[in-house]
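Given the sequences, and given the hints that come with them, work out the whole structure.
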Amino acid sequence: MFLAASTGEDLLRAVLQGAPPGSVYALIALGFVLTYKTSGVFNLAFGAQAYVSAAMYFQARTEWGWQVVPALILAVFILAPLIGLVLERLIFRYLSNSSAVAKLVVAIGLTVALPSLFELVTGFSAVAGRTPTGIIPGGSSVFYDPFGIYPISRDELAQMAVAMVGMAALGALFRFSSLGLALRAVVESPRMTELSGINADRVSAFAWALSSLFAGMAGVLIAPRFNTLMAPDFFHLVIVAIAAAAIGRLASLPGALLGGLGLGIFIAIFNTFLPRWTADHGWLRPFQENLTPSMPFVILFGVLVCWPAIRRERRVVDPLGGVDPPPPGLAASTRNRRLTLAIRVFSVAFLCVVGATILLRADVRWLFLVTQAVILAIIYLSITVITGFAGQISLCQGAFAAVGAFTVFQLADRYDLSVLAAALVGAGLAAVVGALLSLPVLRLGGVWLAIATLAFAFFFDAVMVKFSWIGGGGTSLFQGTRVPRPTIGPWDFADDRLFLVLAVVAFTVVSFLVIQLREGTTGRVLHALRGSEMAAESIGISPVRARVTAFAVSAAIAGFGGALLAIHQENVNYQNNFSPTAALFWLVLVVSLSARTIEGAAYSGAAFSLFDSLVLRGEVFRWIFRGWVPGILPISPKWRFVLFGLASIHFSRHPEGLVEYGKRRATRRFNERFDSRERERAIQETSP
Amino acid sequence: MNVLLDATEITKSFSGIRALDDVTLRVAEGERVGLIGPNGAGKTTLFNCILGNLRPDAGSVSLNGVDLGSMPVYRRARMGMGRTFQRIELFGDTTVAEHLLIAERVRRGNGALWKDLLGRGRPTSDEIRRCGEVLDLLGLTDLAEEPIESLSLGQGRLVEVGRALVTGPRLLLLDEPSSGLDRTETDALASTLAEIQREKEFAVLLVEHDVELVAAFTERTYVLDFGHLIADGPTGQMMADARVRNAYLGDLEVGR
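Sequence order for the protein chains is A and B.
Per our numbering: the first sequence ends with 880, consecutive numbering throughout.
Per our numbering: the second sequence ends with 361, consecutive numbering throughout.
Keep in mind the hints are simulated off the structure, nothing from the lab.
The reader is advised that the hints may include incorrect statements.
Unchecked claim - Residues from chain A that face chain B, not an exhaustive set, calculated with beta carbons under 7 angstroms:
#1 Leu705
#2 Ala720
#3 Ile731
The beta-carbon is built from N, C-alpha and C at its ideal position, and this holds for glycine as well.
Spelled out as structure tokens, the structure:
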């Protein structure tokens, strides 16, 4: 009896505890469904938008000393809808015909760009330990305890109240206003609505403003739960919201609402009861300790893989083929022979000069940066394989790379294995992880596949890395995850120059293998699958096998690259190198530059590693103009995120990427000029 | 004659609606069989059940005596079922020749990764020659290097036929090949198909709306109506059958 009573009490406590965050999740989930249904955008950037509003509110309240109401009006009722409107008007309206995956990539780019842009514009920076304040005075210090089991803070009450008001307002809007009717109609079918004389664009703009307002409100409400305002925390928020929205199949607003509330409560219940259960099963304890903070990702992954409704929604999606007309061939195929030869000769000469200059003249810092660029380029080849060839968006390449890096660390640390051999083992392990992961997620396809890999990346980050047999556990906090440099015969790669040579050799070999893959059967099969899965199956192609292969190869390349990166830095540096948010930026970078070519990967590596020093700090101008640097430089390295985040917008219009786009334009111009000159000559010769 | 495709007592319902009720269809080796019926008769459902895109609720499909059971689509394809699509399905960003090469390459499975990495996954000259022969047969040789996007619908459909032919099918399933084509194009397609079929001697199952094409091309015809097989027999006889006319042809003048 006693036990039952206490269990019931605990359950009630968990419900009380889970309802406030649950109502915030519901707010975001509602906004999420609203934008998804009206404009087809899977807006991952809601997390970033929530962060921006929360930071604005924090800035106004704490830094500028504003009152609650004006600060709230500025952050939630002006800034948030404004951002939504700007995004809709300038970006997403033009993407309405793009594939869902292309839109997703843009949203990811915005996730990367928005927080940095906000911080740059307002000069805001997160101060550790300065807890954001809520929207009512004494929010976190005044408690009410109606049932005598769980004291609810004023902040939590405010969260629930505001969420309820928001939902009621939305409900009333839908029910009683003509705009609400139009919204509901657009949610059902934008095309049909247009046919009945309603401007779907306007309605969709309104939906964006409204859902962004919800996101901003949610951000301000949830902020007091975090000790320090940091953008990634808000990204977690959107993950839960996606899970909530997924429960309602992304289609139903009440479903999203109940999903959000339910998830909040479920997480609280889970956190209450799981520790007790694991107390009896000691071996589960470390798992549980890490699982608690990562519940959102586990839930999202679980919902995606197990919720039958989502699987039924599966469509064949091609991120590079979603635009109409289909992407033309690579620029190289339209060049004439003389130009190709000239470009080849020039680029080889250029690379030789650059290489020689670096090897002979570069100092330690530049050697480091260039080597890092080359190694990152290897990792980016993994994106070339999975996204460029197989047409799948994977957001867990960071986790695959980390598998390689940690393998090297563990094998070198425990068994004193040669790090290069360990790197190969790491690549193999990553391949296994990739293949295993791909089995459940491949059935999803398209956007859901990307989201499932994202959930896996965060799960890996929150749970797996904490295990001592992966991330080194507690000792690594003090000693770091150190990795030695290798020696082969007479060559000691502790020398940075020699290591750069090794990295270049590795990149060349991996590129060669990737090209072999593209030209071989696997490349053809993947190409066929991307074009038409049905037709591919009809000639005997096994889609599952082909995609699992692509995943495994991609993971192996990422693992190998990650291992090399760890060896180069003589440390895994997990947080800096491989965190899920860093890996999001990788994807944005590679697809905006060029996901289909080896060159694209190389440029992306250079952009990630060198762009900051070369351009943002103005070094390149210093070299060219002998010391002169444009007045606006140097500027903050955060611009890198902003610029490449926004570059993803270009990707959505030209899915071949910036590099290919530039090459194509140049080639076309050259061909036109060349052809016209030829023609003129021909005319002159024939005329008497 | 040897029975190649044997679909026995196929039943399939969609949420209460019987799309197919106890339908039996056989195709002998080298035979040209038509499958006709008005809209909603269950032709496409039967087609999908045979190809493995749908699982029948009851009944069995076997090819050359091997029960196909729950075999996935691609394994059925490897066993010798080729097909074309009503709405043509081509792989974008390739040329006509590359299209056939993909099919040729996967003829014996997806291909091994290690072979690709060692550079042994590229098409051999033998394979290129075989694809060239199929192109010749279809009269597409001139278009071999054209991008697939530049083809007309009729040419695209021929590429689909070619893609299926390269895999060496014993049974070719044609899903409304005349849809979207005008009379001349349809006639051209029919004569090309007949020619190739005479040469390669594979069996054909033709699902078609266009009665003239069925009449000209097939030897035997099955007629479906509301999920029931209402008649089957030699094509000429079917066209004259009163039940068939009643259900499908109305008082259309056929056969000339």
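Status of each hint after checking the structure:
1. Leu705: holds, 5 angstroms
2. Ala720: Result: holds, 5 angstroms to nearest chain B Cβ.
3. Ile731: holds, 5 angstroms
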